[in-house]
Amino acid sequence: AQRVTQPEKLLSVFKGAPVELKCNYSYSGSPELFWYVQYSRQRLQLLLRHISRESIKGFTADLNKGETSFHLKKPFAQEEDSAMYYCALRVTGANNLFFGTGTRLTVIP
Amino acid sequence: GAGVSQTPSNKVTEKGKYVELRCDPISGHTALYWYRQSLGQGPEFLIYFQGTGAADDSGLPNDRFFAVRPEGSVSTLKIQRTERGDSAVYLCASSPGISYNSPLHFGNGTRLTVT
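Read top to bottom, the protein sequences are chains A and B. Per my numbering, residue 221 is the first one in the first sequence, and the count goes up by one each step. Per my numbering, residue 15 is the first one in the second sequence, and the count goes up by one each step.
What the hints contain is simulated information worked out from the structure, not anything from laboratory work. Please note: incorrect hints may appear among the correct ones.
DMTMM-like cross-link-like pairs, simulated, lysine to aspartate or glutamate; straight-line CA separation at most 25 Å [as the list claims (entries may be wrong)]:
{"no.": "1", "chain 1": "B", "residue 1": "K25", "chain 2": "B", "residue 2": "D71"}
{"no.": "2", "chain 1": "A", "residue 1": "K285", "chain 2": "A", "residue 2": "E274"}
{"no.": "3", "chain 1": "A", "residue 1": "K229", "chain 2": "B", "residue 2": "E58"}
{"no.": "4", "chain 1": "A", "residue 1": "K229", "chain 2": "B", "residue 2": "D100"}
{"no.": "5", "chain 1": "A", "residue 1": "K293", "chain 2": "A", "residue 2": "E252"}
{"no.": "6", "chain 1": "A", "residue 1": "K242", "chain 2": "B", "residue 2": "E58"}
{"no.": "7", "chain 1": "B", "residue 1": "K92", "chain 2": "B", "residue 2": "D77"}
This is chain B alone, in the form it adopts within the complex (with noise of 0.2 Å):
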């Protein structure tokens, strides 16, 4: 079946612009996460929704940054005035739940690119 799907593949932005990031997560899974990946480093947790809503958002690196869920399957990472440091690969991932016996899924990311 499908996988997670993330749109779109790149992004170019300048300083000081606004994006959004999508992220189709497998159908019926209830758990999607977005993680954050710079170069020479491993994915960092950003934020997780359980549904609707945000479970735990203490990734988010400040109020520039935000995620929303609103159907409780697709989602949308938000972020307002963009940094060069904000250049990175943007992963998102699901999974049929929370416990130990449902691994994440991930998607092939979006690679945002500040100039």
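Same shape as in the complex, but just chain A (with noise of 0.2 Å):
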């Protein structure tokens, strides 16, 4: 069965300093990954999928097939990062997402 792992409850950085949020996966097949963000008092929203190999708001995530991961990062913490961040999985040929249990990140000014 297909398991989403965020070992990481709680992550405190400080302004500037790297941030690397960590996000196991366990599935059989050819996984869809994505980091989904919730800022204070604001809904869950989209941060970024692992095909578009985008950078937002500074973050990136590479997919680690070898590993089963798919980390966040960002070379320079600011204090608007602070939010709660979740990593999801897709599954061949359905359409809901498996989430992880989250990470709380706070950026210490």
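Two chains, each in its own frame: build the complex with the hints.
Rendered as structure tokens:
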């Protein structure tokens, strides 16, 4: 069965420091992976998706099939990055997403 | 434009009662999803609709949960004989289609508390 694991519930970094939010998945097929973010008092929204290979708000994430990981990275954290981050997986042929338990990122000024 | 709207934003009910949660998707979005998020957990899939039909209801926990989308737009999630374990935030999302390029747009959720 498919599973998404985010090992860190809480992560604190100083402003300007690099940040990495970990995501590991288990799925035997070819996954589609996403990062969703929820800022304080806002709704859950898409941050980025692996196929687009895009950088959004300075964040990038690379799919590593060998390590079954999709870690989210940013070289210099900003205070406005403080939020709840969820990694999500979509399996082939399905349309629902499987979410991890989330990591709360706090950027300390 | 208007996003996904969910009503009510909060609902408190007594154990054993029936509740209905409403979702108004973004106009023109054909796919609609219901998720449930318990404290400290990520959203958990319940059901999704493509148009009026439930394309996948495999996430509904038991037969007390039911959802409809009679005209392919507004959807209602219905919970019978509520239990304290049903307390959670119920999230609705919609998307223009079901392809990879159709990201989910979430509502603010309905916080259900069963006392």
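Hints versus structure:
In summary, the hint linking K25(B) to D71(B) is supported, as the alpha carbons are separated by about 23 Å, within the 25 Å threshold. Distance restraint check for K285(A) and E274(A): the Cα-Cα separation of roughly 18 Å lies within the 25 Å cut-off, and the hinted pair is therefore satisfied. Annotation: proposed proximity of K229(A) to E58(B) holds, straight-line Cα distance about 17 Å (limit 25 Å). Among the hinted pairs, K229(A) with D100(B) is consistent with the structure: their alpha-carbon atoms are about 23 Å apart, no more than 25 Å.
A distance of roughly 18 Å separates the Cα atoms of K293(A) and E252(A); the hinted pair therefore holds under the 25 Å criterion. Using a Cα cut-off of 25 Å, the hinted pair K242(A) and E58(B) holds, with the two alpha carbons roughly 20 Å apart. The hinted pair formed by K92(B) and D77(B) meets the criterion: a straight-line CA distance of about 10 Å does not exceed 25 Å.
Taken one by one, the earlier hints all hold for this structure without exception.
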